[in-house]
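J.: For the protein sequence lines, the chains are A and B, in the order given. 31 is the number of the first residue of the first sequence in my numbering; add one for each residue after it. 31 is the number of the first residue of the second sequence in my numbering; add one for each residue after it.
Among these hints, one or two may not hold up.
Claimed, not checked - What follows is a set of in silico ranges between Cβ atoms, one per label pair, in the way DEER data are often shown:
#1 A:S105 <-> B:R237: 30 to 40 Å
#2 B:Q139 <-> A:D153: 47 to 57 Å
#3 B:D226 <-> A:P187: 33 to 43 Å
#4 A:D69 <-> B:R65: 39 to 49 Å
#5 A:V116 <-> B:E144: 45 to 55 Å
#6 A:W81 <-> B:S103: 44 to 54 Å
#7 B:D35 <-> A:V67: 23 to 33 Å
#8 B:F203 <-> A:E138: 25 to 35 Å
Hints are computed from structural coordinates only; laboratory data are not their basis. Ideal Cβ positions, reconstructed from N, Cα and C, are used throughout, including at glycine.
Number of protein chains: 2
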Amino acid sequence: MSSEDITRVAVSTVILSLKREPGDEHASVVMPLVRRVRDPFEGRWALPGGWLDVHEGLDAAASRTLAETTGLSPSYLEQLYAFGAVDRSPTRVVSIVYWALVRADEVEQAHPQENVAWFDTADLPPLAFDHDEIVGYALWRLRSKVGYSRIAHGLLPGEFTLAELREVYEAIFGRRLDPANFRRQVENSGNLIPTDRFRTGSHRPARLYRYNREVELADRGPLTHGLAPAPLPSESSRS
Amino acid sequence: MSSEDITRVAVSTVILSLKREPGDEHASVVMPLVRRVRDPFEGRWALPGGWLDVHEGLDAAASRTLAETTGLSPSYLEQLYAFGAVDRSPTRVVSIVYWALVRADEVEQAHPQENVAWFDTADLPPLAFDHDEIVGYALWRLRSKVGYSRIAHGLLPGEFTLAELREVYEAIFGRRLDPANFRRQVENSGNLIPTDRFRTGSHRPARLYRYNREVELADRGPLTHGLAPAPLPSESSRS
């Protein structure tokens, strides 16, 4: 088998977080990129990732390469999509792409690595390979998923104010939302449960909410044994 | 590079359709399987599929191998998930799995191939590799997706009665649904548009409906340039 006949498998990861610089009026959706230190695309920014080892599963490879490059260890990585266009790399590479949303405090706990920087997704440099397309797809999925799932949860602490939740949506959609309309919509959704606690500080106290964990999470991967596990084959065969 | 160090890439396809045998009271969700003619798992039933050619994209490989094995050529194959557990095959194989829903008339048009048979998903034989798990995941996704998208559309003609739509849901969920409740729910969903036409026959005339194409389809792949295309990178960078 010559090297031209080989398809190699890589994993890459799209990590999204929210960042609000001191003095910024609004939060931004940010992501870590790794500067490539070898060809192809030497010097360009690329998604964190690496080669799949023959002895490790896809999820493990995604976690390992993410930790090696960025120091991040999110509790849950979801498989996003497999990218396999013939011309996406000078050699034939199929990339299994994972993604995760991480809170700002998780980002701060990670040990910064060389050649890693965080970028505002609204102002990205040209990326290596087809990573522009991959990031575009991830951001599109993020926007389409917040509408029907609790995905914004990944960017928030366990309890949050409606203003904090609205800020997440505003950063994802890149536009301001009317506070009264937003409150009405989320209160009618059944997704949020008000707590007895309040955020106090420089503003008037704001009630803290949490997500209703009984609302089923749609569209998780098959290997998740969390809130919405895939059925065992014996269960599914009853359908 | 020895053969033990190679990870190979395969594609497999889960094709789901509805079937109602003469005399059956209810429709069933059925799928085609291919009997393996070589080891590993010789004689077992498996998903249609084959190896990714180094010169073809993932979508093309899925379409080609599906047509070669089953004669089916659905207009749209959606990528479902990449399965890559280390022990899922005697050699290391990552399978990119696609799926599609096809109407009964599309199934009838396909030229039957050797070693292919259609099975009721509620009564499947033990499958080769991890294909039991893959089918279980596909059926779980089908059940979770019909709740928030127009996915049942793939199993129906362009216009259909509410009874025909309900039959799709009943087959997917494996239980009867109350006709009056079902009618109320779909009429309130905004997904259906009543037409001026009626199905006539042995029963009283039933109004035909079609799906509202303006309702955005959630969760399509990034390479779809149909109803809900992923944004170009230049669009997404504005978010």
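J.: Okay, D69 (chain A) versus R65 (chain B) on CB: inside 39 to 49 Å?
T.: holds (46 Å)
J.: For V116 (chain A) and E144 (chain B), compare the CB-CB distance with the range 45 to 55 Å and indicate the outcome.
T.: For V116 (chain A) and E144 (chain B) the Cβ distance comes to about 30 Å; the hint is violated.
J.: Between W81 (chain A) and S103 (chain B), is the Cβ distance one that fits in 44 to 54 Å?
T.: violated (34 Å)
J.: Against the range 23 to 33 Å, how does the distance between the Cβ atoms of D35 (chain B) and V67 (chain A) compare: consistent or not?
T.: holds (24 Å)
J.: Does the hinted range 33 to 43 Å hold for D226 (chain B) and P187 (chain A) at CB?
T.: violated (53 Å)
J.: For the pair S105 (chain A) and R237 (chain B), does the Cβ-Cβ distance stay inside 30 to 40 Å?
T.: Since the Cβ atoms of S105 (chain A) and R237 (chain B) sit about 49 Å apart, the hinted range of 30 to 40 Å is violated.
J.: Honestly, do F203 (chain B) and E138 (chain A) meet the 25 to 35 Å range at C-beta?
T.: violated (45 Å)
J.: Falls inside 47 to 57 Å, the C-beta gap from Q139 (chain B) to D153 (chain A)?
T.: holds (50 Å)
In this structure, the hints that do not hold are numbers 1, 3, 5, 6 and 8, in rising order.
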